[in-house]
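Visitor: In order, the protein sequences belong to chains D and C.
The first sequence runs 1 to 315 under my numbering.
The second sequence runs 1 to 315 under my numbering.
No lab work stands behind these hints: they were computed from the structure.
It is possible that part of the hints are untrue.
What the hints assert, rightly or not - Straight-line distance between alpha carbons at most 25 Å, and here's what the computed DMTMM-like set of lysine to aspartate or glutamate pairs gives: (1) C/LYS55 <-> C/GLU76; (2) D/LYS272 <-> C/ASP124; (3) D/LYS37 <-> D/ASP22; (4) D/LYS269 <-> C/GLU29; (5) C/LYS272 <-> D/ASP183; (6) D/LYS275 <-> C/GLU167; (7) C/LYS192 <-> C/ASP164; (8) C/LYS192 <-> D/ASP164; (9) C/LYS51 <-> C/GLU29; (10) C/LYS269 <-> D/GLU167.
There are 2 protein chains.
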Amino acid sequence: MGKFLGIDIGGTNVSFGVVNEDFSMGISENIPTADIKTPEELVAKIHARMKSELKNGLEGIGIGAPSVNHQTQQIEYAPNLAWGDIVPVKDLFASTFNLPVSVMNDANAAALGEKIFGGAKELDNFAVVTLGTGVGLGLFLNGSLYYGNNGLAGEIGHVIIRRDGREGKTGLLGSLEAYVGRDGIIETAKEKLEFSSGGSVLQKFSPSDLTPQEIFLAARKEDPVAIEVVDAVTNDLAYALAMIVNILDVGTIFLTGGITRSGNILKRKTEKYLKGYVLPNLRDKVEIRISELNEINGGILGAAAVARTGFETVK
Amino acid sequence: MGKFLGIDIGGTNVSFGVVNEDFSMGISENIPTADIKTPEELVAKIHARMKSELKNGLEGIGIGAPSVNHQTQQIEYAPNLAWGDIVPVKDLFASTFNLPVSVMNDANAAALGEKIFGGAKELDNFAVVTLGTGVGLGLFLNGSLYYGNNGLAGEIGHVIIRRDGREGKTGLLGSLEAYVGRDGIIETAKEKLEFSSGGSVLQKFSPSDLTPQEIFLAARKEDPVAIEVVDAVTNDLAYALAMIVNILDVGTIFLTGGITRSGNILKRKTEKYLKGYVLPNLRDKVEIRISELNEINGGILGAAAVARTGFETVK
């Protein structure tokens with residue numbers, strides 16, 4: 001099957017690495033997304049760092065990115081990237097690397113990675129929800145990745161969970177991302193800290209240092225303000241997951257991304273709140289699982305799976 | 001292809017009729033659901049009325065009903081039917097009629113009917129939302145009916161649209177059905193009438209005579225209270241439809257059921273509210289349409305399509 005370069009473009013980091021024939025990972029690297037000013041710079045930086053690999057038989061490049069239109073192979077109107085409205089990712093990488101390039105929505109790439117490398121090998125209907133700067137959804141339905149009528153399915157981050165809620169980056173009011181995305185979680189923490197009378201370990205962080213991971217870790221250590229934040233976040237997340245369950249009866253929902261590495265608290269609280277939103281006869285028919293690719297670099301593996309599998313053989 | 005008996009079991013009426021080889025409909029009848037006390041009585045009544053047809057070469061029976069588990073071919077825990085928790089519809093009809101029987105969720109049957117007889121002949125990704133006693137959803141994805149992991153997909157009526165809202169028949173708080181189902185619309189009208197200072201044609205109805213159809217007709221004639229109700233209902237409906245669009249990018253959503261026969265007002269207002277809930281780049285990629293089978297007996301046609309097509313050839 002050969003060697004592939006997997007590139008995982010996120011709102012906070014761009015990760016990339018070579019995945020070998022035996023699924024082992026070769027060298028991998030990380031660049032903060034904010035350090036990359038243009039799509040051309042993105043391509044040039046990865047090309048420079050991967051130069052030595054190009055001589056070692058790379059067969060293709062797989063890319064996972066937010067807001068990918070599957071049909072055009074472009075990033076279109078990504079609220080969490082600052083590289084312009086339309087980024088023709090496939091063309092940019094193909095012309096610089098002279099290799100076949102496949103681009104997929106990051107959450108679809110995560111679903112494909114889960115199917116090939118992770119916990120979904122035997123599953124025909126499952127969802128992967130990516131929790132990061134944005135909140136994404138990859139759907140595997142009837143044994144195939146589901147792209148939607150215009151290649152735009154899976155916009156769970158922009159589902160409205162509170163009709164008079166916070167304004168998000170798309171102008172929509174009260175979207176899931178405004179509460180469960182990276183900035184949304186931090187905003188909730190700041191609100192709770194402001195109105196909290198007791199102490200909290202979160203107070204020692206300067207506003208720019210506070211991260212969702214730190215908040216979840218503090219909740220694990222029973223910090224009362226952090227627990228309030230985690231309750232609010234998991235309640236909102238469960239509300240959106242219940243939409244997926246009630247509408248699609250997917251059986252299993254995998255969670256992946258930074259905050260899922262904080263132990264059992266996310267899963268436990270999300271499951272608790274989910275029961276209040278899911279139709280009674282579906283309640284014991286859905287399982288929330290933390291992605292098995294979470295502790296390794298699942299984003300790169302998923303992206304490599306995009307290149308390795310190609311679209312048509314999966315569809 | 002032969003002749004099939006189509007049976008459409010709803011919370012308010014049970015409709016049934018023979019659909020001929022050329023898709024024309026033979027005799028059809030209607031029984032109020034409340035007049036049927038047990039599933040055995042349902043089978044006996046339909047058998048009695050269809051006796052003459054049984055000699056004329058009926059090849060099978062197709063049934064659309066709420067809360068059907070596609071895998072077990074039973075009605076399970078239907079909140080809008082009073083025939084017990086588990087109704088083994090297929091077995092009951094098959095043993096009395098001695099004919100092949102196929103049972104499908106009513107909204108799936110409507111989607112199949114739309115695909116075979118209606119406006120979805122050329123579509124690969126679409127949704128049908130049934131507006132009646134309950135609110136159902138049939139999904140046609142990647143060119144196939146989508147049943148879900150346990151045969152229970154499409155429970156849009158039980159998606160929560162207001163987290164502190166009215167308690168519905170399943171015990172869930174604030175489900176779509178509690179606002180957009182038949183009883184929910186009437187309850188909203190009663191609330192608005194109570195707090196309204198001006199006059200309304202709706203006041204002339206006794207509480208038991210008020211129906212969603214009358215409310216929508218009054219709104220068309222610019223009754224101010226009826227317009228308030230229709231605004232609330234279409235806003236809530238649009239909120240739930242936006243979930244389907246943002247998650248699934250279905251392209252087209254067909255609406256069917258009693259209140260869709262009240263002219264353009266439902267479609268127009270739903271489209272208006274939908275814009276506030278759908279991700280901007282999906283806004284011009286989704287079309288709301290009134291089912292083409294709406295003015296004829298689409299429920300019976302859809303049910304006959306279930307028998308005619310059989311499951312496996314569609315799946």
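Visitor: Each of the hints needs a verdict: does it hold here or not?
Guide: Right, here's what the structure says about each hint:
For the hint linking C/LYS55 to C/GLU76, the alpha-carbon distance of about 32 Å lies beyond 25 Å, and the restraint is violated. The straight-line distance between the Cα atoms of D/LYS272 and C/ASP124 is roughly 36 Å, outside the 25 Å bound, and the hint therefore fails. Using a Cα cut-off of 25 Å, the hinted pair D/LYS37 and D/ASP22 is violated, with the two alpha carbons roughly 35 Å apart. Note on D/LYS269 and C/GLU29: the hinted pairing is violated, with a Cα-Cα distance of about 51 Å set against a maximum of 25 Å.
Taking the CA atoms of C/LYS272 and D/ASP183, the gap is about 30 Å. The hint is violated against a cut of 25 Å. Simply put, D/LYS275 and C/GLU167 have alpha-carbon atoms about 15 Å apart, close enough for the 25 Å limit, and the pair holds. With a C-alpha separation of about 19 Å, the suggested pair C/LYS192 and C/ASP164 falls inside the 25 Å cut-off, and the hint holds. Proposed proximity of C/LYS192 and D/ASP164 is supported: the alpha carbons are some 21 Å apart, at most 25 Å.
Proximity of C/LYS51 to C/GLU29 is assessed by CA-CA distance (about 13 Å); at most 25 Å being required, the pair is judged to hold. For the given pair, C/LYS269 sits about 23 Å from D/GLU167 by alpha-carbon distance, which is consistent with the 25 Å threshold.
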